[in-house]
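Going down the list, the protein sequences come from chains A and B. Position 426, counted from 1, in the first sequence is what this note's numbering calls 433; the numbers after and before it change by one each time, with no gaps. Position 224, counted from 1, in the second sequence is what this note's numbering calls 231; the numbers after and before it change by one each time, with no gaps.
Don't take each hint at face value.
Copies of the same chain look alike in the list, so a pair counts if it fits in one copy or across any two.
[Said to hold, decoys possible] SDA-like mimics (lysine to any residue), calculated; alpha carbons at most 20 Å apart, straight line:
1) K639 - G609
2) K639 - D618
3) K275 - I463
4) K157 - G418
Think of the hints as simulated: they come from the structure by calculation, not from any bench.
If you want the building blocks of each chain, they are given just below.
Number of protein chains: 2
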Amino acid sequence: MLESLLTPRSIAVIGASRTPGKVGHDVVANLVQGGFAGPLVPVNPSADEVCGFKCYPKVSDYPGEIDLGVIVVPPKHVLAAAENLIDAGAKAIITITAGFKEVGPEGAKLEAELAALCRGRGVRLMGPNVLGVINTHHKMNASFAHHLPKPGDISVLSQSGAICTAILDWAAGRHLGLAKLISIGNKADVSEIDLLYTLAEDPETRVIVGYLESIVSGDAFIRAAEEAASRKPVVIFKAGTTSAGVKAASSHTGSLAGANVAYGAAFKRSGVVRADTFEALFDYATAFAMQPLPKGNRVAIVTNAGGPGIIAADAVENSGMSVAQLDSARAQALRSKLPAAASVGNPIDVLGDADPERYALAVQAALEDDRVDAVIVILTPQAMTKPAETARAIARFAGGQKPLLACFMGGSDVMPARAELVLSRLPDYTSPERAVSALKAMVDYAAWRNRPPRIITRFPVNRRRVERIILRQSKLDLKQVLEPQAKDILRAYDFTVPDGRIAYQASEAVDVAEMVGYPVVIKVVSPDIIHKSDMGGVKLNLGTASAVRDAYDLMLLRIKRLAPQARIEGIYVEKMAMPAQEVILGMTRDPQFGPMLMFGLGGIFVEVMKDVTFYLAPITFDDAMQMLEGTKSYALLKGARGHAGADITEIARGIQRISQLVTDFPQIAEMDINPFMVGPVGAKAVAADARITLSSFEVKK
Amino acid sequence: MLESLLTPRSIAVIGASRTPGKVGHDVVANLVQGGFAGPLVPVNPSADEVCGFKCYPKVSDYPGEIDLGVIVVPPKHVLAAAENLIDAGAKAIITITAGFKEVGPEGAKLEAELAALCRGRGVRLMGPNVLGVINTHHKMNASFAHHLPKPGDISVLSQSGAICTAILDWAAGRHLGLAKLISIGNKADVSEIDLLYTLAEDPETRVIVGYLESIVSGDAFIRAAEEAASRKPVVIFKAGTTSAGVKAASSHTGSLAGANVAYGAAFKRSGVVRADTFEALFDYATAFAMQPLPKGNRVAIVTNAGGPGIIAADAVENSGMSVAQLDSARAQALRSKLPAAASVGNPIDVLGDADPERYALAVQAALEDDRVDAVIVILTPQAMTKPAETARAIARFAGGQKPLLACFMGGSDVMPARAELVLSRLPDYTSPERAVSALKAMVDYAAWRNRPPRIITRFPVNRRRVERIILRQSKLDLKQVLEPQAKDILRAYDFTVPDGRIAYQASEAVDVAEMVGYPVVIKVVSPDIIHKSDMGGVKLNLGTASAVRDAYDLMLLRIKRLAPQARIEGIYVEKMAMPAQEVILGMTRDPQFGPMLMFGLGGIFVEVMKDVTFYLAPITFDDAMQMLEGTKSYALLKGARGHAGADITEIARGIQRISQLVTDFPQIAEMDINPFMVGPVGAKAVAADARITLSSFEVKK
């Protein structure tokens, strides 16, 4: 895939220029300086040669075949340039030129035409509005960035050209190699999706790094990312996390979800390692590129100073990993080789005067210990410290089965050591906390790689019944599903729902109550009343026929006073659910990633504490259990002081049933089951109230 | 204070050596190379000269006066060396030698003798076990660290010598100047307390930076830190935050508090800026040293690339600051001077080809705008970017009234610019997030500086009554205060407590119930039963005499079965408190910082969600309100959906009363009022249950 884009045999530059500083010149110069091996064809009607290469007035004048075309002419000439390139045989085009979608509707139109042209003729288009594409292993710098990094095994895709230049500059300063660096710009054709698939298969790429501001398709992204993450680490920084569009939501679930939550859920599902800061992007990527994944989360720390050792140990504990203790025999053996004042506890303190050999002894002992899954080596530049020699001494252990990360603190004194470390493929961090964060990312990714196979349960349900209800709603153009129908939908998906029925007069309400058994609850059924409680539209715990009759009459009286315009369909009478632990299950459809399932404990926990978790549908039983465990209030469910434990598997199955329902029926836009009443282990949980909103039917047609 | 230590007129080095690499040599060499201007007196019986200075066999052989002595001889000779120095007139001694308290009891004894000697003769002792002391403005490097940093205005005190060397090395790499760097080691005499006072008054120090693992005294620390922070920023990194000692706690408050929480409360009280990571220490310090404090939290962002601008805006929003919008007239004026594609929204995007002048225009416009409190300038090194020239262009605005922070991203291309920025006193960060964090630290510190005066209310109380109760407990050696007495203590401090009395038989219980009025609650009173509910020792809501009688008999029967050994003092009968919002107020005494007050919403909010805040006593009304506002569940108190608002001032006053009680009575080790029942505005809150534990009486004697 994308061979002509990433490893072209020949390249034409349309708009090549002889004036240094102009993009048309710099692209050609960069290709030349980078050492691109294939034919290079500058095109410009008013030049004979550019950077020592013969320049052609038109690309069709060039006798050979063109594989990749790079366009740097002004926007109005881009279409013609692309057409000429395609005529000359180009299989891929990079349009560096800006001034398209990003400047307004006219640019967007031009961009669409360009994309349509390329797509129609089977040519892949990168851009427009990009820095270009770099492939170090192919000696290709088809960009206007001056740096060609050393060949390495991290590939970068970035939606921001400026971020690309900052990364290139930074990598140069850190002696870090890159495989490919791809600026994806406006993504008129080639997007992060194509690149995830391509880089997943690229043998020169060990780690994929992405800077994204948006994605073209949620579903396609998840598939591509999961595919890529199954083969190699994918580390992504998502910018624009707080600018979540405000969305009118009629459910709790909807109001608590947002783009940032959705991206989090999508990354989690697909195994993407999320970098929360820009610096974390490469902190993580270098660890992944240089070191093997850890088998567990027990971390040994080797240090020549107490203070940084404490900092590292704190960070390990705070991250949820654990500070490892050496096996006692090994600890004793190590102690016998170290000075008396050294400590073989963890941190292993080799003391301020530690020479390279002492470091090597300690690192080796830690790496060989079965109780240790990973080692962090900290060095502070003290009077006797030899940073570069120490780097070389520990580098002997860099290629093992367990990750080894370094934290050489300081500045100029440790600078030569940093270069040694990078050369030995030992990731190096400027602070203990950053080394620990990188290790935690490795631990989490390793856990994802070892996840059990995802088996989506399909419960036997009455799908036809739901189809009929939705069809009827659609005929009546009713987006809000009223409680009787919502309950019917849940019953069809085998939820336990209290026995109940709609009544149209008081005597009928009493009949229903007698049938289902007291106590009952009565609720108004009206398309115009969403918050029933606020309008006096709910009356709980009615124990007798006369109580039902009184409540019925009073409810209608009050609602007619408070909301004279509301259409009343009737009063729903149902058996009171037994008191139990109340939880909320819900679903909202993210515009990018589709159905997001929500779980939270009832009432205050959701409304005030926002103690909820989200997961993308479809969901497995294990995923659902993880959702429960992800809330702080989980302790309550299991049975905290004064609270009996609830049947947790009933909740997990409830979430799975919602997952199946909303996957079967994309027409369901949002839903809450609130409360979902969960009893003790073995008891059926009861969906006491439900709210379902369908998407607008016009959209479906 | 500490003049002889920090600005000595003359220095003797006991244990001077001619062998490079030995500490005794390096200290002399560093003093010479640093350019120390006063007499320098190496002392060593077996050398004639060290580093070109005449060497004396004994310090008494030197004819002049010694101001500061530096000791590097082995531990066993240190006492004699100190004595000789004092005889020779030394007013301060730095003991670099290690091998004291940190190696065991013998070393601790020697250290105590050394400290006693110095204290007895009025000499200040720094160390033992230190790197040394550096004062750049005095051209003094009395340490064995090779780097003498440039003179600057940040002073560092560090409990870890290795951290000092890392900081020195790092500062050299960043072109950053320091004022003083002081390794405080074992703190046998001079500690962080002395240094906070001294550096607070030091005109050469604009910012105090501290790395601490422990403190010598909580109270003294808070006083010294508050004094220092009132004059200049104090930024501290506290290592060892997760190693909180496990402490047997009999109260909720005790079990939720810990050393880390206590340090947080102490820093907050005293205005210390806490660095949560090691890198944040200098990220913050450089901002404070170089730029003025902001007047508010509205941040303008100037950038030459969209991506990093988004990252910065996200970070600003996440931090709780706000992204500023320029005044519309000013925005229009700026727009007219920028290219059409530039954006004058916020971020202000000056585009990828921005020259230094364009940056200057945008920065100036942002700084001059009344709606902007601070400006962050982001630069990515793109093809046309001139980092160093841009640094110079914006440096013109560095000395203004509003903070200006830079984030020049990348590596080698922006390196020359970094040096320019530091020279112009513009703090520079490698990522937008770090710049934003530093700015947030400035905003928080500025808010602390502008805090209202702290007025501690003293309520009229019956202190004598509490004295008598505690005296009686002490005579009986009872640490646990039982409910009747605990309620008496609360009544004495004017808490509203339900009417109640202890009963010794069922008929008496009925009499009390008739007196206080139904419904009542009855509770067992026993020094052996702490968790009364778990033992069936609480019965709520008894509405009739027969209910009281039955409950009384049943309670005694059951408890005798469940806890036959428990001593039963009687059964406490009191009027049921009206249902209301339940909160918990509490206090636990931190070993370092003394009484820490706690607030949280009742039950689950404390036990499961740990949604609590702590504050050090004594507390003001404003502080107490901040405690309430610091919890997530605060929304509930104010009256969230379906919950009426509670009388918040009643809670704040309750916390103030506890503050007064535990300040008056240091014998109170821990207490909870749980639940504290808070009614609607205007209603008295009721202390429905209370648990008070006194400290062991032996300790008091």
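Each hint tested on the structure:
{"no.": "1", "hint": "K639 - G609", "in the structure": "both (13 Å within a copy, 16 Å between copies)"}
{"no.": "2", "hint": "K639 - D618", "in the structure": "both (7 Å within a copy, 11 Å between copies)"}
{"no.": "3", "hint": "K275 - I463", "in the structure": "within (17 Å within a copy, 50 Å between copies)"}
{"no.": "4", "hint": "K157 - G418", "in the structure": "between (23 Å within a copy, 15 Å between copies)"}
In summary, the structure agrees with every hint in the numbered list given earlier.
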